[in-house]
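2 protein chains.
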Amino acid sequence: MRVLITGIGGFVGSRLARHLLDGGDQVSGTYINSLAAIDGADLHEADLLDRAALEGAVEAANPDVIVHLAGLAQIGEAWKGDRMPDYFWVNVVGTENILAAAAGRKVVIASSADVYGLVPEAEQPIPESRPISPRSPYGLTKAAAERLAFAHGNAVVARSFNMIGPGQSSGFVLPDFAKQLAGIARDADPVMRVGNLSARRDFVHVDDGAAAYRLLAAKGEPGTAYNIASGRAFSIDEILRRLMDIAGVSARVEVDPEKFRAVDLSLLQGDAGRLRALGWQPLRSLDDALSELWRSLPEP
Amino acid sequence: MRVLITGIGGFVGSRLARHLLDGGDQVSGTYINSLAAIDGADLHEADLLDRAALEGAVEAANPDVIVHLAGLAQIGEAWKGDRMPDYFWVNVVGTENILAAAAGRKVVIASSADVYGLVPEAEQPIPESRPISPRSPYGLTKAAAERLAFAHGNAVVARSFNMIGPGQSSGFVLPDFAKQLAGIARDADPVMRVGNLSARRDFVHVDDGAAAYRLLAAKGEPGTAYNIASGRAFSIDEILRRLMDIAGVSARVEVDPEKFRAVDLSLLQGDAGRLRALGWQPLRSLDDALSELWRSLPEP
Numbered sequence: 002m003r004v005l006i007t008g009i010g011g012f013v014g015s016r017l018a019r020h021l022l023d024g025g026d027q028v029s030g031t032y033i034n035s036l037a038a039i040d041g042a043d044l045h046e047a048d049l050l051d052r053a054a055l056e057g058a059v060e061a062a063n064p065d066v067i068v069h070l071a072g073l074a075q076i077g078e079a080w081k082g083d084r085m086p087d088y089f090w091v092n093v094v095g096t097e098n099i100l101a102a103a104a105g106r107k108v109v110i111a112s113s114a115d116v117y118g119l120v121p122e123a124e125q126p127i128p129e130s131r132p133i134s135p136r137s138p139y140g141l142t143k144a145a146a147e148r149l150a151f152a153h154g155n156a157v158v159a160r161s162f163n164m165i166g167p168g169q170s171s172g173f174v175l176p177d178f179a180k181q182l183a184g185i186a187r188d189a190d191p192v193m194r195v196g197n198l199s200a201r202r203d204f205v206h207v208d209d210g211a212a213a214y215r216l217l218a219a220k221g222e223p224g225t226a227y228n229i230a231s232g233r234a235f236s237i238d239e240i241l242r243r244l245m246d247i248a249g250v251s252a253r254v255e256v257d258p259e260k261f262r263a264v265d266l267s268l269l270q271g272d273a274g275r276l277r278a279l280g281w282q283p284l285r286s287l288d289d290a291l292s293e294l295w296r297s298l299p300e301p
Numbered sequence: 002m003r004v005l006i007t008g009i010g011g012f013v014g015s016r017l018a019r020h021l022l023d024g025g026d027q028v029s030g031t032y033i034n035s036l037a038a039i040d041g042a043d044l045h046e047a048d049l050l051d052r053a054a055l056e057g058a059v060e061a062a063n064p065d066v067i068v069h070l071a072g073l074a075q076i077g078e079a080w081k082g083d084r085m086p087d088y089f090w091v092n093v094v095g096t097e098n099i100l101a102a103a104a105g106r107k108v109v110i111a112s113s114a115d116v117y118g119l120v121p122e123a124e125q126p127i128p129e130s131r132p133i134s135p136r137s138p139y140g141l142t143k144a145a146a147e148r149l150a151f152a153h154g155n156a157v158v159a160r161s162f163n164m165i166g167p168g169q170s171s172g173f174v175l176p177d178f179a180k181q182l183a184g185i186a187r188d189a190d191p192v193m194r195v196g197n198l199s200a201r202r203d204f205v206h207v208d209d210g211a212a213a214y215r216l217l218a219a220k221g222e223p224g225t226a227y228n229i230a231s232g233r234a235f236s237i238d239e240i241l242r243r244l245m246d247i248a249g250v251s252a253r254v255e256v257d258p259e260k261f262r263a264v265d266l267s268l269l270q271g272d273a274g275r276l277r278a279l280g281w282q283p284l285r286s287l288d289d290a291l292s293e294l295w296r297s298l299p300e301p
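Protein sequences, first through last, are from chains A and B. Quick note: the first sequence uses the working numbering, first residue 2, plus one each step. Quick note: the second sequence uses the working numbering, first residue 2, plus one each step.
One copy or any two copies: either way a pair holds, since identical chains are not told apart in the list.
Simulated pairs of lysine to any residue, SDA-like, Cα-Cα distance not exceeding 20 Å:
(1) 81 - 121
(2) 81 - 120
(3) 81 - 260
(4) 180 - 237
(5) 107 - 220
(6) 260 - 242
(7) 260 - 80
In short, the hints are calculated from the structure, not lab data.
Using the sequences provided together with the hints, build the complete structure.
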């Protein structure tokens, strides 16, 4: 199939491009600023807020399906007044623009587990049938984007839990941990500063996530939401200890209340039953993701 | 004309009903919980989240136009994690539901000046042509509702600045001031606890606001946003002093940092040029609104 990926240079987009090309699909993508060439893919510079550029990219690529990954994704950042307008424009109006530019073509849009909000532990893993209940400005923007997608008529909603692996930008918890550990491996000060370690999250290897997006592009039912989730949860504390083991670096951990978020959800664990019914299953372990992340860091 | 008002029992809805009935229009409205009869108006109990009930109300009323006022409107409340989901559901999904129930009929939806966010003082009064830039969760919900309205094709967006007058519920700044002053008039402790007094706002008497909604119902251009604003701004401090004069009550004012909001905009002043071009102008003064508010309080 012919697939256009928005945000093809991003963490998930770049892995999805690789995955599609390996499977024989035709790939094109949009990016902003600059991007190194991707062998076999057509690239189009197009900002989500530039509807004409998006239409041009869609016309040039003439895709069977668009996978809309571009967006702003740092939950903590979106709480800040000076960042909130960008989250609104990029995540809400940007989604509206890509839906319009799609001109009736199928679109898979990347939403987030954050739309579920605070769910009692006894009711987790969370199925997609649960009404969403966003409790953060980021969650509000994703929830609004979902409503626009459902109104569009030919869109599939992917609710992604925590994707991890090599290539995630700093500002997310695992790249930040890895970077701090790499610093500790180089010099003397063995102190890590961390936020809330007790939160438990459902982690998915980015390549399993890419496979999920490909499956949704091919077989996802329009008007339907699909969780991308492993069904298991690990505390941030557990993840940090595993990462230290893999890195062979030990550190003294200091909890920094500054790094806590205004609202943090103690557990987010997803039920990916709908995606599994399409034939998806996660093939890579948490340790795979952590060691690939660690090995991907630049040598000191 | 036949007008259906959502939230007909509310602060603006009840005044709009009166205004329309006085002008010879046919009025019906939706409410939740309970509502005393309104002479001459047909009332329908219909929650915004109950699409079937909304459709039933629209079918029964068969309006030429729907004025959608129902919603949650306390900017400070929406910052709280446990309240944010309600703001999403009522303000975003509720608007989606009324637009769907309208089945192509014209809808005027109540948005808010809060969607403009932080605007440099030199660029105020704010015209509607200014791109919105919401900096609060409440603003995000209203901005998302606007996008749904514009996508609908037959909706007019009203961006309301601060409506004041008798009948506003507690939790808003002026009813809270008035209630505290009434308490002070009754007993000895002459202390008022207030939040940020330096913020300046554009106040519109609720009856002028009702006239604006009627005009938009009759003549508002679908796909267009209209500010409902006086074009003048007063500090909360100034308003409080005027209210004390009107009440004949003086109080010692204590600023309580607990009452400050996470993000507060120092000035919000609107340019209602588009509404004035339709023939609207505010007919009532700030002091009118304050004295009507004061006189509306229950006798001690």
